[in-house]
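Participant: Assemble the complex: chain Y is given as a structure, and chain G with the ligands must be docked to it using the hints.
Protein chains: 2
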Amino acid sequence: MSRRRRRRLNPPQLIALVYLLGIALGAAALHLPGMTRPGADLNAVDLIFTATSAICITGLVVADTGETFTRLGQVTILLLAQVGGLGIITFGTLFALLTGRRVNFSERQQLAQQVNALNVGGVLGLLRIIVLYTVAAQGVGTLLLSLRFVPQFGLGEGLYQSVFHAVSAYNNAGFVVVPGGMLPYAQDPLVSGVIALLIVLGGLGFLVQLNVLTHLASPRRNRLMVYSRLTLVTTGALLVLGTAVLLALEWTGALKGLGTGGKLLTAFFQSVTPRSGGFATVDMTALAPGSVFVMIALMFIGANSGSTGGGIKTSTFAILLVSAWNLIRGRTELIAFGRQIVPENVVRAGTITTIYTLLVFTGFFLMLVTNPTLGFTPLLFETVSAAATVGLSLDVTHRLNDAGLTVLCALMYLGRIGPVTFALALNLRETSRGVIKYPPERDILVG
Amino acid sequence: MSRRRRRRLNPPQLIALVYLLGIALGAAALHLPGMTRPGADLNAVDLIFTATSAICITGLVVADTGETFTRLGQVTILLLAQVGGLGIITFGTLFALLTGRRVNFSERQQLAQQVNALNVGGVLGLLRIIVLYTVAAQGVGTLLLSLRFVPQFGLGEGLYQSVFHAVSAYNNAGFVVVPGGMLPYAQDPLVSGVIALLIVLGGLGFLVQLNVLTHLASPRRNRLMVYSRLTLVTTGALLVLGTAVLLALEWTGALKGLGTGGKLLTAFFQSVTPRSGGFATVDMTALAPGSVFVMIALMFIGANSGSTGGGIKTSTFAILLVSAWNLIRGRTELIAFGRQIVPENVVRAGTITTIYTLLVFTGFFLMLVTNPTLGFTPLLFETVSAAATVGLSLDVTHRLNDAGLTVLCALMYLGRIGPVTFALALNLRETSRGVIKYPPERDILVG
Ligand SMILES: [K+]
Ligand SMILES: [K+]
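These protein sequences, in sequence, are chains Y and G. With this note's numbering applied, the first sequence corresponds to residues 443 to 889, in that order. With this note's numbering applied, the second sequence corresponds to residues 443 to 889, in that order.
One thing to keep in mind: the hints can contain errors.
As the list claims (entries may be wrong) - Partner residues aside, some chain G positions facing chain Y, computed with beta carbon under 8 Å:
no., residue
1, PHE735
2, LEU801
3, THR804
4, LEU810
5, ALA865
Think of the hints as simulated: they come from the structure by calculation, not from any bench. The beta carbon of each residue, even a glycine, is placed where N, CA and C say it ideally should be.
Same shape as in the complex, but just chain Y (with noise of 0.2 Å):
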């Protein structure tokens, strides 16, 4: 009877369910004693945000992560985000081999080529590489941060400090407990280099990354796949066009007190994180209201499908921006890499868009009417922070009421989950396969 019921849920209604159950946990966890520091005063709606930021490595804070938690409280909040970010690169991969529901199936069979290629061997084995794969990146983040930590904070601190933000970096959950935050490593290329690497590792997701390399040892072998090369080109594109705003908004501004290259470093920085790291090396109330505007573009556009960044992603966007330059020319086809994108794909990078512009838009219009002293910029903001799983702040999450702290938490976890999984997770309907609810292009990942 249990096994029974077990089968029934199809993937989208676990993926809500762990991820529910995941923040409820969390929630209590950090209610124990000796989670939080004497002094810190956090009520019941503050902990399930915290949790939730946490599992769905989100990163915004009612309070300074490092201040306010002990030792014990932060390495639960790390271990909550490295359990959400694992949960979401896994069932991601999972989802494009074993269903074939976002990679097509030509483009299928290569990759699990390339898969089994590393003798993983089942799905076990596969959940048993990604786990490797992601703890060795991390691995390696921290003992790169650990040549500036330990000099600073002594062996023991040093270290722990270098584990925290390597794993915090490549999920992309934007904690920070480094005390003073990150802006001091606006100028170190050490610190701010590996924090902006892992994050775009993290964000491109493992497929792309074991494409990338398989493909890196062997080419002739192992093609790199249509999907990769459009997120690798956009996601260059967007960190160009990122940094070259934020250099040119800010020369004068934020960015005025640097030399010129930790004026070139701390753009570049700025322009990786809102998709999705959370960090900031600038004071984000520090920035000019155009920048505030290409930071909230930015962070609405996200990272890549199955990775550990959120927005619409990566993919959603260039398929949208190609389908808009064609019928500019009046062109029918769509062409991207000598690989015809077929009209099912644009209908679902136009829908998932309409999905995710009606969760922000709700969402905002619920912060405006609960929080209307605060300010239509910051709440927007917040809001699409919460959304796209950034984190980055101007500064007014702390000053929200219960209200608005729930409707983040619910941007929060729709947005990691994706709009369309819950939608399809309280789909009630009997059907064998939760799969075949989706539309059946399976070309590229879009959303």
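Facilitator: Frame of chain Y, contents of chain G with the ligands only:
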């Protein structure tokens, strides 16, 4: 030779050129002596802005129209708006009937039958009937308004005010010359009601009105088109929703001083005017942040294709919504009113919205960069108002520098002729028929 060159202009190029010429001629006309009152201080950019606002039937102003322009100047502005409005109505209708670009074949035949039943005979006959119908609608509006304005202002001035605002309202032009603006008529069911009705009719477009009228006259012979039903339902739903939200948010806010009837009327009027009338019977700057957001959203959605309204259009919005709902429900076919919406229409809806969003956000970014001190919310409001040719204002247009005004001019122009039309006009590839450049879907007017 001149004949041959004229033949080479495809319809998008014709539209783009006609509206550009209209702006140039309008600005030159407004520059003539006797157009502005003594003491009015308008430079070249202000005059170009006013001419653009008039011919693109937007209604944004750099200075109060009644106080700044002489009677002659006001009539010139009204004529520009009438030409701009008639231009869009006739172009939209002719496109739909003659090229079949936006209405599918069987429906086009039905429609042609309905038009034929009017015994108009040919294109010029159709143009004549559109002009006559427009003048008739404005005439009825003038008569009704004169019931209020003649007693108030005397015969001559009263008739002038009635004609001006009937024409301005039906064209969704948004220009107001009554002293003190429309606010004193917030609780006047006659003035508010007639103007709201004219805005709605203008925003439905000629084809839908014709279809509804012929259907009412002979329901069996003339079926209500899917396009008519879709846009009527969407328009109605947006009106009800907008009214309800404004009532809820402003009952003790901007509507506080009014009686219950006045509250209802004012909320209804303010839910009509963003799509895309531009008149206001309440001070926009007195609205709560949530109401401002709702106004922006309604402006962005706009009115019907081929009407005097702007925005992404109601049918585009409706298709995106139906498509989102379908994805959530796991359906693969889009059904509206018993007919399937083909994927190409969803692609077009998504693409149109993408292009429009890019236009608005590029404009907004330029506004933020050129006028960083004027505030995020007011600049977003004016940007959307211009791009959707609405004309509502948070009272910062007159404080914009020339760069900001130029951006708004470009947005009004592109928003009026449509960014896709403009791009197709720029497309220099040789084709014998400009219209074949459009994607081949023909079911529903989108964008
Ligand atoms: K994050
Ligand atoms: K208007």
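Participant: Mind listing which of the numbered hints don't hold for this structure, in increasing order?
Facilitator: 2 and 3
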